[in-house]
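Start from chain Z and add chain U according to the hints.
If you read the protein sequences in the order shown, they are chains Z and U. Using the working numbering, you'd call the opening residue of the first sequence number 1 and step up by one each time. Using the working numbering, you'd call the opening residue of the second sequence number 1 and step up by one each time.
FYI, nobody ran anything at the bench for these hints, they're computed from the structure. You may find that some hints are simply not true.
Each pair may be met inside one copy or between any two copies, as identical chains are not told apart.
Lysine to aspartate or glutamate pairs mimicking EDC-like chemistry, simulated, CA-CA at most 20 Å apart [to be verified]:
#, residue 1, residue 2
1, K91, D125
2, K316, E173
3, K99, D13
4, K91, D295
5, K204, E138
6, K250, E173
7, K281, E97
8, K53, D125
9, K250, E174
10, K224, E297
11, K315, E248
12, K224, D296
13, K282, D111
14, K298, E244
15, K307, D233
16, K99, D111
17, K99, E173
18, K298, D233
Protein chains: 2
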Amino acid sequence: MDEFKFIDSITQDYYRQGSVVKGIGDDAAIMRHPYHDIVTAVDTMVDGIHFSKDTVPPFYVGYRTLAANLSDMAAMGGLPTAYMISLVVPKDYSNDELKEIYQGMDTLARDYHIDLIGGDTVIGDQLVVTVTIFGTVEKNRARLRSHAKPGDVVFVTGTLGDSRLGLALLLNEETLSEDQAYFIGRHQQPTPRIHFARELSSLKRVALNDVSDGISSEAAEIAKASHVTLILDDDMIPIHERLEELDEDKVTDYKYNGGEDFELIGTVPIKDFPYVLEAAKKHQIKLSKIGTVIDDEKTNAHVLLSKQGTLKPLKKSGYTHKN
Amino acid sequence: MDEFKFIDSITQDYYRQGSVVKGIGDDAAIMRHPYHDIVTAVDTMVDGIHFSKDTVPPFYVGYRTLAANLSDMAAMGGLPTAYMISLVVPKDYSNDELKEIYQGMDTLARDYHIDLIGGDTVIGDQLVVTVTIFGTVEKNRARLRSHAKPGDVVFVTGTLGDSRLGLALLLNEETLSEDQAYFIGRHQQPTPRIHFARELSSLKRVALNDVSDGISSEAAEIAKASHVTLILDDDMIPIHERLEELDEDKVTDYKYNGGEDFELIGTVPIKDFPYVLEAAKKHQIKLSKIGTVIDDEKTNAHVLLSKQGTLKPLKKSGYTHKN
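Next comes chain Z alone, as it looks inside the complex (with noise of 0.2 Å):
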């Protein structure tokens, strides 16, 4: 069993608690209360596997990791409300390095309006940040992965590939003649797409999942949970021009497999995408269609990528964090 996967291999059968409505399997966990659900969901972020001093500085360490939670939050339509962090803090570490890391936190939580409600700090080898994030979303509003159904575009926010493209420029990967800063500030401080996925709160139904892994392995989650085949084209695929630059092998690696752009993946019903495109334009993010879902029944596949002329299912090769 891979380690990684540990936490989905433990989903209980039943849930004790009838609160319940959604648990381990998706980006956040969905508990019924009166008037409207809780979300919430945790994140964990190691030195020397997500980051590095030498990659990510401490006040983009705290950006990143409660960026990635919000991300999560977005993934399930929800609205933040609070955050709690536990740092396991190596003896060498010091104060202003942790109080870096907290500023980073806090210059996010100021942007979406959010409380650091607690946590707690205790002595270890490794800095180890780990954020729980809390959130509300309306009754039966939460964009789970298993909405999508036959018929269904598929859309992506923004571009993709940007954030292991500033990766690799500041592991002198790679050299760029221009741009360096707009992909280095990608990786560092990305964007989560609250308001958009806040802006689609209207609508029934709409199947989300955020770009932690890359687009190969988020798409095969939709497709698995929602037992549907998804379609994509590879023309359609949005990436930075920037990144037409690279050798081909890269770019489609970048863009398929490379992880933390912490864009949205989703579906929506047909008839609901120029909504979606007018939510996109309103908070001045890019959208595009890259696909469509289909029945899986004679697919044999989760994600079948079109290029060229072939249609053949794109392997999810995922992300391999590298510092």
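Using the frame of chain Z, we list chain U on its own:
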């Protein structure tokens, strides 16, 4: 600044969300919702700091971490409903060991009828277990540390120092002719006092704190938050008879500074104390009056200890986790 207190130091001046009833600074955070309040807390345990393979096998690592969180819930008077776990797992950790951690949690989760609703697993150098607990409490019935008033009775559940003695036995620092298993059990499988604390829910005002760092520390936290002084009577502090066999200095250290008993220390108006005694009897736990609350105007101390005819400030030496 003590890094352990980092979280406490970053308390926000005001809360952006009107729903935050209590943020950082108590056993858990409280958020207002229609009909009831939401209680939530996060607790992290690190291999080599809070436990080690020698003293706490994986099953009990899970059990204790969830127990510590449930103890925070008890100290707020809350009814637990769900939890999330985040694991940082070293590469040499086996899946069987991971499963044992989970089974330790699930054993306790079954007892309290709560659900695992989410989590995250990542690779790292050192085992880190973080649990986030959720629950509910009736409006304005959260048992804050700030609720003590002059004239209150100070009480504590169970006997103190048992977990510390259990640890000493595991580390071969002590030997006992009898009851070894009892003390080791109190260290590895502490009992959160949820049922007892819930039994008090009809009382209007109770201050509660759980004994994670020793009562010298917990009593001081209540005194500080409530702007009062707690006078404790050395003769009335409950200890197991076997503890009396140890050196006097050790007895003093264990009972005041021995951490992780996960008992509850609290204060109530004197008129309500008989009800508290009855509640303890109903749940078959020992309950002792250990002191009284007085005005702090002239004492210039948080906690005063009455011992052999003298009244001296009780030093808060706290508990340093030993593995």
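Here is what the structure says about each hint:
1. K91 - D125: both (8 Å within a copy, 15 Å between copies)
2. K316 - E173: The answer is neither: 23 Å in one copy and 53 Å across copies each exceed 20 Å.
3. K99 - D13: Result: close only across copies, 16 Å inter versus 42 Å intra.
4. K91 - D295: This pair counts as neither: shortest intra-copy Cα distance 55 Å, inter-copy 40 Å.
5. K204 - E138: The answer is within: 11 Å in one copy meets 20 Å, while 33 Å across copies does not.
6. K250 - E173: within (12 Å within a copy, 59 Å between copies)
7. K281 - E97: Neither: 38 Å inside a chain and 50 Å across chains, both beyond 20 Å.
8. K53 - D125: both (15 Å within a copy, 16 Å between copies)
9. K250 - E174: So K250 and E174 pass the 20 Å test inside one copy only (11 Å; across, 62 Å).
10. K224 - E297: within (12 Å within a copy, 65 Å between copies)
11. K315 - E248: within (17 Å within a copy, 68 Å between copies)
12. K224 - D296: within (10 Å within a copy, 62 Å between copies)
13. K282 - D111: Close inside one copy (18 Å), not across copies (50 Å); limit 20 Å.
14. K298 - E244: neither (34 Å within a copy, 75 Å between copies)
15. K307 - D233: within (7 Å within a copy, 80 Å between copies)
16. K99 - D111: within (18 Å within a copy, 40 Å between copies)
17. K99 - E173: neither (31 Å within a copy, 39 Å between copies)
18. K298 - D233: Cα proximity of K298 and D233: one copy only (19 Å, versus 77 Å across).
In this structure, the hints that do not hold are numbers 2, 4, 7, 14, 17, in rising order.
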